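The listed protein sequences correspond, in order, to chains A and B. When we follow numbering that gives the first Met the number 0, the leftmost residue of the first sequence carries the number 0, and every step to the right adds one. When we follow numbering that gives the first Met the number 0, the leftmost residue of the second sequence carries the number 0, and every step to the right adds one.
Any given hint could be a false lead.
Derived lysine-lysine pairs resembling DSS-like cross-links, with alpha carbons at most 30 Å apart [as the list claims (entries may be wrong)]:
#1 Lys93/B to Lys262/A
#2 Lys262/A to Lys329/B
#3 Lys7/A to Lys409/A
#4 Lys97/A to Lys200/A
#5 Lys7/A to Lys97/A
#6 Lys262/A to Lys451/B
#7 Lys83/A to Lys6/A
#8 Lys83/A to Lys409/A
#9 Lys93/B to Lys293/A
#10 Lys97/A to Lys409/A
#11 Lys200/A to Lys6/A
#12 Lys328/A to Lys268/A
Listed next, the stretches of chain A that the computed footprint assigns to chain B, with coverage defined by at least 3 CB atoms under 8 Å from CB atoms of chain B [unchecked claim]:
#13 169-178
#14 184-195
#15 267-277
#16 337-351
#17 355-367
#18 380-394
These aren't lab readings, by the way, just hints derived from the structure by calculation. Everything numeric in this text was worked out from a predicted model, so none of it was measured. We put the CB at the ideal spot given by N, CA and C, even for glycine.
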Amino acid sequence: MAQQARKKPFEGLRVADFAWVGVGPTVSKYLADHGAEVIRIESSTYPEALRRVGPFVNDTPNIDGSGYYANFNSSKLCMSVNFKHPRGPELVRRLVAKCDVVTESYTPGTMARFGFDYESLSAGRDDLLMVSMPLYGQTGPWANYMGYGHVLQAASGFNHLTGWEDGPPIGTGIAYTDFLVPHFAAVAVIAALDYRRRTGKGQFIDFSQLEAGVHGLGTAILDWTANGHEQIRLGNHDIEAAPHNAYRCRDGRWVAVACATEKHWEGLKAALGRPEWCDMDRMRRRWQRLNEQKEIDRHLGYWFEDYTRAETEEEFQTEEGVEGPPVRKFTTRQVVELFQSFGVPCGIVQSAEEMHADPQLAHRHHYWKLEHPYMGLRTYDAPAFRLSETPGELTKAAPMLGEDNEYVYKDLIGVSDDEFVELMASGVME
Amino acid sequence: MAISRRARPGSANSSVAPFERRRTNRYNTPMTQESPPVPLEHGDGPLTGYRVLDLADEKGQLCARLLAELGADVIKIEPPREGDPTRANGPFFKGEQGPNTSLYWWAMNAGKRSITLQLRLEAGREILRKLIASADIIVETRAPGESAALGLDYASVSAANPAAILVSITNFGQTGPYANWAATDIVASAMGGHMHLNGDDEHGPVRTTAPQAFAQVNAQAATGAMVALYARAVNAGVGQHVDVSMQEAMANAMDHAQQTWDIRHVNTYGPGVGRQTAGVRSGRYLFETADGWITALAVGGLIGLRADAAIDWLAESGEARDLALPAWRKKLTAMEPLAAEERAYVEETLSLFCTPRKKEALVAEAQNRGLGWAPVFSPGEIVESRQLADREYWVRVAHDDIGESFIYPGAPYRLSETPWRQRGRAPHIGEHNEQVYSGLLGIDAAELRRLKLKMVV
Chain A
0 MAQQARKKPF EGLRVADFAW VGVGPTVSKY LADHGAEVIR IESSTYPEAL RRVGPFVNDT
60 PNIDGSGYYA NFNSSKLCMS VNFKHPRGPE LVRRLVAKCD VVTESYTPGT MARFGFDYES
120 LSAGRDDLLM VSMPLYGQTG PWANYMGYGH VLQAASGFNH LTGWEDGPPI GTGIAYTDFL
180 VPHFAAVAVI AALDYRRRTG KGQFIDFSQL EAGVHGLGTA ILDWTANGHE QIRLGNHDIE
240 AAPHNAYRCR DGRWVAVACA TEKHWEGLKA ALGRPEWCDM DRMRRRWQRL NEQKEIDRHL
300 GYWFEDYTRA ETEEEFQTEE GVEGPPVRKF TTRQVVELFQ SFGVPCGIVQ SAEEMHADPQ
360 LAHRHHYWKL EHPYMGLRTY DAPAFRLSET PGELTKAAPM LGEDNEYVYK DLIGVSDDEF
420 VELMASGVME
Chain B
0 MAISRRARPG SANSSVAPFE RRRTNRYNTP MTQESPPVPL EHGDGPLTGY RVLDLADEKG
60 QLCARLLAEL GADVIKIEPP REGDPTRANG PFFKGEQGPN TSLYWWAMNA GKRSITLQLR
120 LEAGREILRK LIASADIIVE TRAPGESAAL GLDYASVSAA NPAAILVSIT NFGQTGPYAN
180 WAATDIVASA MGGHMHLNGD DEHGPVRTTA PQAFAQVNAQ AATGAMVALY ARAVNAGVGQ
240 HVDVSMQEAM ANAMDHAQQT WDIRHVNTYG PGVGRQTAGV RSGRYLFETA DGWITALAVG
300 GLIGLRADAA IDWLAESGEA RDLALPAWRK KLTAMEPLAA EERAYVEETL SLFCTPRKKE
360 ALVAEAQNRG LGWAPVFSPG EIVESRQLAD REYWVRVAHD DIGESFIYPG APYRLSETPW
420 RQRGRAPHIG EHNEQVYSGL LGIDAAELRR LKLKMVV
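Pulled out of the complex, with its shape left as it was, chain A reads as follows:
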């Protein structure tokens, strides 16, 4: 059936993107990858923090060479302007007047210092949608606390809930909340856009990364407020499922295995060849198995450590007739294929390298390869959803700093050719 050409969802919307680091740019990336014209507003005098953090092409720091920055900023344009230059604020305000949405994630008060607070920017119009996304919100004793997702994950409970039982609250290895809370903010921004589409009314969204992060804690808050029980990190165990752990395999890598239902457990028993311990009375029900987690880990550990002798040359060079050293019997791939064939949830703990080669992600075209004038062909993440009629499209690699100055200054702000040259010389674009 011939399909009518669909309009991209946010075609015709223009976004002034003051946001930096991870959270804000992820929100505007959703808009950009689905058709909005998103203009990054940056400065070479005060560069966006991620432009100075690697990985860099050729391991050489370069303002246009950060892969970290690039991944958050596909499909966007970039203008450069120095807010502290006498002409800066006025030019920015003239740009915002041509925009539908403002996104920012500075410490509260920063935008107001330059006259970019919502009240000023929306003066004379009621259709401006603006979202502010600092760590802790616009108000409160911590409003001006600085940090990144690396430490916000501690204040929002993720460190406490990540690590080994009786060990320190190590947290995730990454700036975790930077990769969780923008998906919440995006829901609010697009819902508010829909309201604006119907009513013509914009609004201000006060988004606190901490307050959204708390919604990612599952049942931990209610367990405290209703039961007085503090949930705690349990390594790879789970309060609801057993077995539930990661196990090392022959190739030195790890698989995660979980039995959340009776069906999963029956599958595991079959996959293991119904060893006696599985059929003991105290293994019969889910809640019984929860009490036997350590026992189950011990038995499964034996299974994973069931040593055999190295067979292949890659594993060990043996002389004719001499047995190789003991190795675990199964590789990660073998375990996953065996367990999945019995319907048991099981997967390899994949590295970035393995993700890059993952056939499922390749099938879904998760990683986009986009050509960047300085960085060359680089990998970008796509959204986790595929829309059948209006699919997201990463239209271009991240912008170079000030790459679109001519378009933004001349066509949007409306400065003449002569004035553009003058402005360039004045340093306002630095």
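Since chain A is already given, all that's left is putting chain B on it; use the hints.
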């Protein structure tokens, strides 16, 4: 409704609060008002007027809840009699399992209506088609091969309502080599590359105990639903299928590991205290204090531009050891990677400084000096935190069935014109059958009785 008082035996793994450890709880208060409606009205949300059908498990219930809190009428569809399987997810209120005591159910389904409907029967699917005809968004989480038999595949949904947006959330996506693989939170965390970035050399990779693959895929699916809703309006009312993958949602939570592989061919991995990127540890430090732990940004906290502020602070209290010497200052401000023994010395110095002090005071003074530090908070400490108290974050939710009210997390975003609203407790099984079947679909009382007898409803 009778609540089965089947207490779970106390367990060694702290899945249930042992009763002797249960504190007198100052958060629960007797209800003072009359029973409020379930759910509470929400007339001024950005999604007020839209209807959502929720046929989701853990991968989609939070997604639907987020839409309810922005004003949508969310109808949770449960199997008749026993109700939704996630009602059996712990922990439970007072550790007692019953259909309405699951804190998981409370947290993820608050503010929805509930009806019962048997989708295995054609009569049930007939009613489902009528509901779909009245809905804007349908959220479902069946495995790709299973949705068609229940009328939840996109062909069936769009036949019933071409404007409907079907959000299908699965482990790995609708198609592809792993489409039919089984997964839970930890498997998606593993296959999505996130777990590889957590953990340490001694114990291996580790998952966050509060399930993050579920949290991630819910929030990202809600974003996808919103994009599709907006797309419908600009494309003359055309609905579409939103195909969401839990593995992919986790793949988006790899920080810059993917780009580090792409650009430098180096695999970023673990240690939770400081990430290892080809010999360079980055991220943040973790220090024990007199009353818990704090985290400190490495760059912007102890080394780099702010290193002087940290060293001055240590020096003022006479605890800088050698770090106040010019050579050390130069080294720390230069942001060059430290040798292992240098790093150990810096960490030891900071550790000695933090150990006798209290964490909130430490963080307040660090912030005062422009250092990006934060306390490690437990759920209880988050509830007690003065920042969230000052922002009046917490919401008290009345549970008329228990006669108490409980503290829930508040607005994840504050919209000035179309506010987020918590919409009351989660529904009981089929609590809104009459409201929905009679009020919405116009099924009369006799017919509804007949449907109940036939186990359709």
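| message | Under 8 Å between beta-carbons, do enough residues of the stretch 267-277 of chain A, three at least, approach chain B for the coverage claim to hold? | response | As far as the stretch 267-277 of chain A goes, the hint is violated, because 0 residues have Cβ atoms under 8 Å from chain B.
| field | Proposed proximity, Lys293/A with Lys93/B (alpha carbon, max 30 Å) | value | Distance of about 25 Å is within 30 Å: holds.
| message | At least three residues with a C-beta closer than 8 Å to a C-beta of chain B: is that true for the stretch 169-178 of chain A? | response | holds (count 9)
| task | Decide if the proposed pair is consistent with the structure: Lys328/A and Lys268/A, CA atoms, cutoff 30 Å inclusive. | result | Roughly 18 Å between the alpha carbons, so the hint for Lys328/A and Lys268/A holds.
| Lys97/A paired with Lys200/A [C-alpha distance capped at 30 Å] | This hinted pair holds, its Cα atoms lying about 16 Å apart.
| message | Run the distance test for Lys83/A versus Lys6/A: straight-line Cα separation, threshold 30 Å. | response | Not OK: Lys83/A and Lys6/A at ~39 Å, beyond 30 Å, violated.
| task | Mind checking the alpha carbons of Lys93/B and Lys262/A for me, to see if they're no more than 30 Å apart? | result | Holds, because 28 Å separates the two Cα atoms, which is no more than 30 Å.
| said: Between the alpha carbons of Lys262/A and Lys329/B, is the straight-line distance 30 Å or under? | reply: Answer violated: Lys262/A to Lys329/B is near 61 Å, above 30 Å.
| Cβ contact check, 8 Å cutoff: the stretch 184-195 of chain A against chain B, three residues minimum | Contact hint for the stretch 184-195 of chain A vs chain B: holds, 10 residues under 8 Å.
| Going straight from one Cα to the other, do Lys200/A and Lys6/A come out at no more than 30 Å? | At roughly 22 Å apart (the allowed maximum being 30 Å), Lys6/A and Lys200/A satisfy the hint.
| request: Check whether three or more residues of the stretch 355-367 of chain A sit with their beta carbon closer than 8 Å to a beta carbon of chain B. | output: n = 9 at 8 Å, threshold three: holds.
| CA of Lys83/A to CA of Lys409/A, is that 30 Å or under? | holds, 21 Å
In the structure shown, a violation is registered for the earlier hints numbered 2, 7, 15, in ascending order.
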